[in-house]
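A.B. asks: Numbered according to my numbering, the sequence shown terminates at residue 697, and the numbering increases by one at each position without gaps.
Everything labelled a hint here was simulated from the structure, so no lab data went into it.
Take these hints with a grain of salt, some might be off.
Between beta-carbon pairs, the in silico distance windows are [as the list claims (entries may be wrong)]:
#, residue 1, residue 2, range
1, Ala64, Ile228, 39 to 45 angstroms
2, Gln395, Ala145, 44 to 50 angstroms
3, Glu470, Arg378, 35 to 41 angstroms
4, Thr335, Arg122, 43 to 49 angstroms
5, Gln395, Trp195, 37 to 43 angstroms
6, Thr129, Ala336, 55 to 61 angstroms
7, Trp195, Leu665, 56 to 62 angstroms
8, Arg137, Glu470, 44 to 50 angstroms
9, Glu474, Asn342, 46 to 52 angstroms
Below, computed lysine to any residue pairings styled on SDA-like, alpha-carbon distance capped at 20 angstroms [what the hints assert, rightly or not]:
#, residue 1, residue 2
10, Lys685, Ala626
11, Lys372, Thr393
12, Lys372, Met385
13, Lys516, Thr535
14, Lys465, Pro362
15, Lys116, Val246
16, Lys116, Leu192
17, Lys453, Asp347
18, Lys481, Thr571
19, Lys453, Gly425
20, Lys24, Val644
21, Lys516, Ala495
22, Lys116, Val130
23, Lys116, Gly138
Heads up, the beta-carbon is just placed ideally off N, CA and C, and yes, glycines get one too.
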Amino acid sequence: MNIHAKAKGARKLFEGPIVKRAVVDAFRKLDPRHQFRNPVMFVVEVGSLATTALFFHALAGEGEAPAGFILAISLWLWFTVLFANFAEAMAEGRGKAQADALRGARKDTPAKKLDEARRGATVATVSSMSLRRGDIVLIEAGDDVPCDGEIVEGVASVNEAAITGESAPVIRESGGDRSAVVAGTRVLSDWIIVRVAADPGETFLDRMISMVEGAKRQKTPNEIALNILLAALTIIFLLATVTLLPFSLFSVKAAGSGQPVTITVLVALLVCLIPTTIGGLLSAIGIAGMDRMIQANVIATSGRAVEAAGDVDVLLLDKTGTITLGNRQATALHPAPNVTERDLADAAQLSSLADETPEGRSIVVLAKERFDIRERNVREMGATFVPFTAQTRMSGVDVAGRELRKGASDAIAAYVKAKGGSFPEAVQASVQQVAKRGGTPLVVAEGAKVVGVVELKDIVKGGIKERFAELRRMGIKTVMITGDNPLTAAAISAEAGVDDFLAEATPEAKLKLIREHQAGGRLVAMTGDGTNDAPALAQADVAVAMSSGTQAAKEAGNMVDLDSNPTKLIEIVEIGKQMLMTRGALTTFSIANDIAKYFAIIPAAFAVTYPQLDRLNVMRLATPASAIMSAVVFNALIIVFLIPLALRGIAYKPIGAGALLRRNLVVYGAGGVLVPFVGIKLIDVLLVALHLT
Numbered sequence: 005m006n007i008h009a010k011a012k013g014a015r016k017l018f019e020g021p022i023v024k025r026a027v028v029d030a031f032r033k034l035d036p037r038h039q040f041r042n043p044v045m046f047v048v049e050v051g052s053l054a055t056t057a058l059f060f061h062a063l064a065g066e067g068e069a070p071a072g073f074i075l076a077i078s079l080w081l082w083f084t085v086l087f088a089n090f091a092e093a094m095a096e097g098r099g100k101a102q103a104d105a106l107r108g109a110r111k112d113t114p115a116k117k118l119d120e121a122r123r124g125a126t127v128a129t130v131s132s133m134s135l136r137r138g139d140i141v142l143i144e145a146g147d148d149v150p151c152d153g154e155i156v157e158g159v160a161s162v163n164e165a166a167i168t169g170e171s172a173p174v175i176r177e178s179g180g181d182r183s184a185v186v187a188g189t190r191v192l193s194d195w196i197i198v199r200v201a202a203d204p205g206e207t208f209l210d211r212m213i214s215m216v217e218g219a220k221r222q223k224t225p226n227e228i229a230l231n232i233l234l235a236a237l238t239i240i241f242l243l244a245t246v247t248l249l250p251f252s253l254f255s256v257k258a259a260g261s262g263q264p265v266t267i268t269v270l271v272a273l274l275v276c277l278i279p280t281t282i283g284g285l286l287s288a289i290g291i292a293g294m295d296r297m298i299q300a301n302v303i304a305t306s307g308r309a310v311e312a313a314g315d316v317d318v319l320l321l322d323k324t325g326t327i328t329l330g331n332r333q334a335t336a337l338h339p340a341p342n343v344t345e346r347d348l349a350d351a352a353q354l355s356s357l358a359d360e361t362p363e364g365r366s367i368v369v370l371a372k373e374r375f376d377i378r379e380r381n382v383r384e385m386g387a388t389f390v391p392f393t394a395q396t397r398m399s400g401v402d403v404a405g406r407e408l409r410k411g412a413s414d415a416i417a418a419y420v421k422a423k424g425g426s427f428p429e430a431v432q433a434s435v436q437q438v439a440k441r442g443g444t445p446l447v448v449a450e451g452a453k454v455v456g457v458v459e460l461k462d463i464v465k466g467g468i469k470e471r472f473a474e475l476r477r478m479g480i481k482t483v484m485i486t487g488d489n490p491l492t493a494a495a496i497s498a499e500a501g502v503d504d505f506l507a508e509a510t511p512e513a514k515l516k517l518i519r520e521h522q523a524g525g526r527l528v529a530m531t532g533d534g535t536n537d538a539p540a541l542a543q544a545d546v547a548v549a550m551s552s553g554t555q556a557a558k559e560a561g562n563m564v565d566l567d568s569n570p571t572k573l574i575e576i577v578e579i580g581k582q583m584l585m586t587r588g589a590l591t592t593f594s595i596a597n598d599i600a601k602y603f604a605i606i607p608a609a610f611a612v613t614y615p616q617l618d619r620l621n622v623m624r625l626a627t628p629a630s631a632i633m634s635a636v637v638f639n640a641l642i643i644v645f646l647i648p649l650a651l652r653g654i655a656y657k658p659i660g661a662g663a664l665l666r667r668n669l670v671v672y673g674a675g676g677v678l679v680p681f682v683g684i685k686l687i688d689v690l691l692v693a694l695h696l697t
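Please construct the entire structure, taking both the sequences and the accompanying hints into account.
C.D. replies: Here it is, written out as C-alpha cells:
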C-alpha cells in the first residue's frame, strides 16, 4: 500500500472529511482545560460565559442592556473561540488523516525468527508483535519486512513504496550504509537476515504516526515566547479594562449625568483589544508547518526541528548526490606523447567494455561519440577481463596479445614500472591539470606504455548554483563536504557556487566544523545516511537523516527524509523559513489590526459617559451599539478569512531578514491597519441596513 498516495488526498486545504472532523473537534476544544493552554482564547471564552450569564439575567428583566444586544455579543464571542478552535482542528486534522493512512500500513505479519544469525539456523514462525530488540529474523523473497532492523547477512531487492511512495525497488545489504530495513516494506528477491532494532510500538512507522499527529506536538521555543508575549498583553489589557468600570461610575456620579459603561461592552472592548487574531491562529501555524514537511516526504521529530530549519545560518552539503549528480562522467581525453586521441579512445574503450560502473559506461559512450568506435563483440575477441580490486586500484582487459589497464595514476605508474616502462612527465602534468579543474584523472596503459589520461568529471546539478545564490541572499552560508583532495574540492565548489568547502572530510572533521560554527552563534543544518555521519548529525541543529541510511543515522537526526534525497535539505530550510515568515506576517497583521478596532469601539463604549469622545468616531459608525457589534463581528470573521493563509503559509521568497521585515510592515502592517477600517465600516452599514441594531 502506498501511504503517500493516500495521504495526498489530505493535502487539499478543505477536504470534506477533514472539515467535518474539525467542526466536531472545534466544539470539543471548548473544554476549559484545553483553552487554558492558550491564554488569549481562554480570556475570550471566559468573556463568552460572562456575557451568556448576563443575557439570562437580562431575560429575567434586570439586564444592564437589551437582551438582544447582549445575546448578539455573546454569540459572536463564542464564534470567535470556535473559529480559533476550528483553525487548530483543521491543522491537526490534516496530520490525523495522514496518521490514519500510516496506521493502515501497520499490521501484524508472520516473522521467521532464527536462533542464531546464520543461514540454515533453526526457524520458528512467530508474530511480528512478539519480536524484541536484538532478535534475529530471516526475510525471504515475497515476505513483508516484520520489523525495523539492520541487515547482518545477505543482500536483497526491497520494495519501499509503502513508506516512501516510490515504486522502484532498492538494494539493501549488510555491512554498509544501506543496511537498514523498515517494517511495512517487502522483500522482492533473494534473502536477508536482520537483527531487530526496535520493540513493538517503537518502530519507525510508530514514530511516524506520532510525529504527524499535530495534536501531540510540543510547542517550539519561539512559539512559547510569542505565547508569553500574548499572555502579557492580555493581562495588561485585562487590568486596564477592569479599572474602566469604577472610573466610569465615578465620572457619572461626579458629572451628575450620563450612564456608566456596561460589563457587556467592557467584555467586548477587552476581546477587541487583546491579540485574538494571532492568538487564535498561532497553534495552527505551527502544526501546518509540520504538515508541509510531511507533504515534502520529510518526518520531523518535533516542531522545534521545523522552526530551527527556518533559523539556519549554515548548510553543510555532501558533494556527491547533492551538489553533483553522483556519477562521474568521461568528458575529455588527454593522450600521451606520440599517441593519438583515437588510439587512447580505442584503448580506454576496450578496457571498459566489461566495466558496468557509470564511469566505465561513460568511457565507452565517449569513444563512440568522438570516433564512432562501436560494434565490438568481446566474446569473439576472446578477451579476458581483469576486474577492479581495492588492492590494485585498476581494471582492464587482456585481448589479442594486448594488456590494457586503466586506474589511478599512482597505481598505473607502479604497473608500468613493474613492466619495465616509465611514467611520462607530460602525462603527470595532464593528471595534475585534470585534478586542478576538479576532475578525476584515470590513466590508461598498454603493457609498459602509458597511453594517456581520461578525464572524469563530477557533473554539477543544473540549477544548483542559482539555489545557492538564493540561500546567500537569505544570509545562509553553504559549505560543501567532500572526501576529495583540496584541489578538486576547490574547483567543484567554485563551479557550484558554494561559499566554502571541507576537503578530505572525516567524521571528526565534520563534527569539529559544526562545533566551530555553533560556537560563533550560528545554527547548522546537515544531511547524512551513514553510521559515520551519526556524531555530526547528533551535533547539528537540523539533522536530516536519509530513510535509506543506517539506523544509527536515523536515530541521531531530528528529521528523516523518506525520499532519501540529499538536496531535500534546501527545501526543508525553505519550509522552515516559510513557517517563520507566516507567523511573523500574521503577528504583524494582528497587532496592526487592533489600531482600527480602537477607533471603532472605544468611542462607542464610552459615548454615553463622555459624549466628547464621539470626535474619535472617524469611521462615522451609525450608533454606539452598531459600532461595538461591528468590531466584535469583524474580530471573529477575520480569523476565518486568515485560516487558509495560516494553513498554506505565505508565499516563500528568498530575501534577507531586513527586506523581509520591510515587506511585512508594508504588506501586513499597513494591511492590518486598513483592512479593519474597511471591514468594520461595511459590517456597520450592513447591520443598519438590516435593522439588526
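A.B. asks: Of all the hints numbered above, which does this structure not satisfy? Sort the numbers upward.
C.D. replies: 2, 5, 11, 15, 21
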